[in-house]
Structures are given as structure tokens and as C-alpha cells.
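Listed in order, the protein sequences are those of chains X and U.
Following my numbering, the numbering of the first sequence begins with 4 at its first residue and continues without gaps.
Following my numbering, the numbering of the second sequence begins with 61 at its first residue and continues without gaps.
These are computed hints drawn from the structure, not numbers from a lab.
All figures in this text were calculated on a predicted structure; none of them were measured in a lab.
Hints may be right or wrong, so weigh each one.
DSS-like cross-link-like pairs, simulated, lysine-lysine; straight-line CA separation at most 30 Å [to be verified]:
| hint | chain 1 | residue 1 | chain 2 | residue 2 |
| --- | --- | --- | --- | --- |
| 1 | X | Lys158 | X | Lys169 |
| 2 | X | Lys154 | U | Lys87 |
| 3 | X | Lys169 | X | Lys154 |
| 4 | X | Lys154 | X | Lys44 |
| 5 | X | Lys44 | U | Lys116 |
| 6 | U | Lys87 | U | Lys145 |
| 7 | X | Lys44 | X | Lys169 |
| 8 | U | Lys136 | U | Lys116 |
| 9 | X | Lys166 | U | Lys136 |
| 10 | U | Lys87 | X | Lys162 |
| 11 | U | Lys87 | X | Lys44 |
| 12 | X | Lys166 | U | Lys87 |
| 13 | X | Lys44 | X | Lys166 |
| 14 | U | Lys87 | X | Lys158 |
| 15 | U | Lys145 | X | Lys169 |
| 16 | X | Lys162 | X | Lys44 |
| 17 | U | Lys87 | X | Lys169 |
| 18 | X | Lys154 | X | Lys166 |
| 19 | U | Lys136 | U | Lys87 |
Pair by pair, the computed Cβ-Cβ distance ranges are [as the list claims (entries may be wrong)]:
| hint | chain 1 | residue 1 | chain 2 | residue 2 | range |
| --- | --- | --- | --- | --- | --- |
| 20 | U | Ile126 | X | Ile19 | 35 to 41 Å |
| 21 | U | Pro144 | X | Ala41 | 22 to 28 Å |
| 22 | X | Met163 | U | Tyr118 | 39 to 45 Å |
| 23 | U | Phe137 | X | Gly146 | 38 to 44 Å |
| 24 | U | Pro144 | X | Lys158 | 35 to 41 Å |
For the chain X half of the interface with chain U, some residues (derived, Cβ under 10 Å), not all of them [as the list claims (entries may be wrong)]:
| hint | residue |
| --- | --- |
| 25 | Val36 |
| 26 | Ser84 |
| 27 | Pro85 |
| 28 | Glu86 |
| 29 | Ile90 |
| 30 | Phe94 |
| 31 | Ile101 |
| 32 | Ala103 |
| 33 | Gly106 |
| 34 | Tyr107 |
| 35 | Gly146 |
Glycine included, every Cβ here is placed at the ideal spot set by N, Cα and C.
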Amino acid sequence: MNEIIAITIGAILSWINFVIIDIWMGLPESPGVRGAEAIGKSIENRGGDLGGGYFSGNIVCSPDASAGTLLASCGYYAFGSPEGGLIAALFVYFGNRICADPGYAGTTGALSATILIWAATYIGINPQNFIVGMLLAALTIQGIYHPYSSKLIGKMARKMNRKVIKD
Amino acid sequence: MFEEYIIAIVSATVLGLILRLPILPDKPMRNSWMISIIFPTVILAVGFFAIFNYFKVYNNIYTAIIIGIFSAVFSKFFLERVFPKPEIGEQA
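Full structure from sequences and hints, please.
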């Protein structure tokens with residue numbers, strides 16, 4: 004398959020994988036640590052959505068499904084087989100525990116990404132396409148314009164019943 | 061290849077039940093720190109066995125059983141000590 008098309012499909016699959024799992028696991032509901040709260044409030048002050056801000060903050064402060072997807076892609080590429088993704092899931096779990104996070108989002112993201120990559124290899128999309136794709140997917144949320152991306156995440160979170168929990 | 065993974069999962073689950081680990085974390089699961097059989101004991105068993113399976117050294121049924129037992133014992137007795145739950149003051 005053409006590399007540009009493969010990277011585009013990899014980016015779309017990675018984006019859907021990490022955004023859906025992270026919202027499902029409640030990242031927009033509350034900040035896990037103080038750093039995530041600071042990032043969320045900062046994004047809200049710049050015209051963004053608080054839930055989307057907490058989502059971005061939680062992603063920065065602990066390895067969630069975004070890191071799980073990226074590390075599963077790297078593991079799959081490095082080991083050349085799905086074992087790499089399973090080993091990545093194990094280490095993402097340990098990383099989560101170190102970062103004051105119970106670890107559901109990161110581990111689930113790594114395992115689902117491993118399954119996605121394994122299935123995608125049958126249509127000619129390699130793990131390296133997923134590595135680049137995941138970087139592009141994370142860039143759309145974390146790197147271009149926080150107010151828009153946080154509003155999109157906030158809207159999706161409300162649809163999935165994962166609103167910000169007020170104290 | 062898949063059989064050994066299933067044996068590792070079954071071995072971890074059986075010993076987890078004997079050690080009286082809960083099958084699922086308490087609800088809401090996404091915020092729960094409870095150590096259970098499904099999460100993380102089975103994940104640990106699969107991850108540890110993947111390391112042995114990849115390097116083709118001891119990728120057999122006996123290793124799968126031992127990895128399952130190790131994962132359940134590690135989850136029950138050592139996980140909370142090695143990776144402790146954060147104190148309330150450390151969280152936001």
C-alpha cells in the first residue's frame with residue numbers, strides 16, 4: 004500500500020482508538036493529579052472546554068490510551084510480532100501505577116491498539132505507519148490549537164456521558 | 061502459541077480465586093484501585109508470558125502455568141507494595 008495512504012489510515016485508527024478509550028475511561032471527568040488540573044484550568048482560561056482540558060492534562064501527566072497506542076506500535080515494530088504490543092501493555096501498566104493512575108485507560112489502549120495493528124497488517128499497514136499516525140493523531144489534540152481540540156473532546160465526552168464532575 | 065497464553069490466563073485466574081482476589085474491581089471501575097483477577101492479574105500474566113514467548117526460551121505449557129501462578133501471587137501480595145496507591149494528599 005502507498006505509504007501516505009497507510010499513514011493516513013493509521014492516524015485515523017489511532018485517533019479513534021485513543022480518543023474513544025480515554026473518554027470512556029473518564030479522563031474528561033476529573034484531573035488525576037494537580038498538574039492535570041493546572042493544564043485543564045489553563046486551557047479553559049484560553050477559551051477552551053474544561054473537560055477537554057482535563058483530558059489533555061491527564062494525557063500529559065500519565066500514560067493513557069494515547070501513550071498506550073504509541074508504545075504498542077513501537078513494541079510491535081521493535082519485536083516484529085504482537086508480543087511487542089502485549090509487553091508494551093505490561094510496561095504501560097507499571098508506568099501508570101508510578102504516575103498515580105489506576106491504569107485502565109493506558110492498558111486497554113495498548114491492548115486494543117495491538118489488536119488493531121495486528122488486523123491492519125493484513126491490509127498492508129505496518130506498525131511503523133501506526134507510529135507516525137499516532138504522532139499525528141496526538142498532534143491534532145495536543146499540538147495545534149487547544150481551545151478547538153478541547154471543545155471537540157468536551158462535546159464527545161458529554162455525548163458519552165463523561166461530563167466534568169463538579170466538587 | 062495461543063494455547064500457552066490461555067493456559068497462563070487460566071492458571072492466574074484459578075490461583076487468583078484460591079487467593080480470594082475479586083473477579084472485577086468495584087464500581088465505578090475506571091476509578092477503582094482494587095486489585096482484581098481481570099485487571100491487572102490477567103494483564104500481568106499475558107505480558108510476562110509474552111516476554112518468554114518472544115525469546116523462545118521457555119515458551120511451553122509449564123512456563124505458562126508458572127507465569128500464571130507468579131502473576132496471581134505478585135498481584136495479591138506484592139503489587140501494592142511495589143507500586144503503592146497514592147496518598148490522598150498527592151492527588152488533586
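Violated hints - listed by number, lowest first
5, 9, 35
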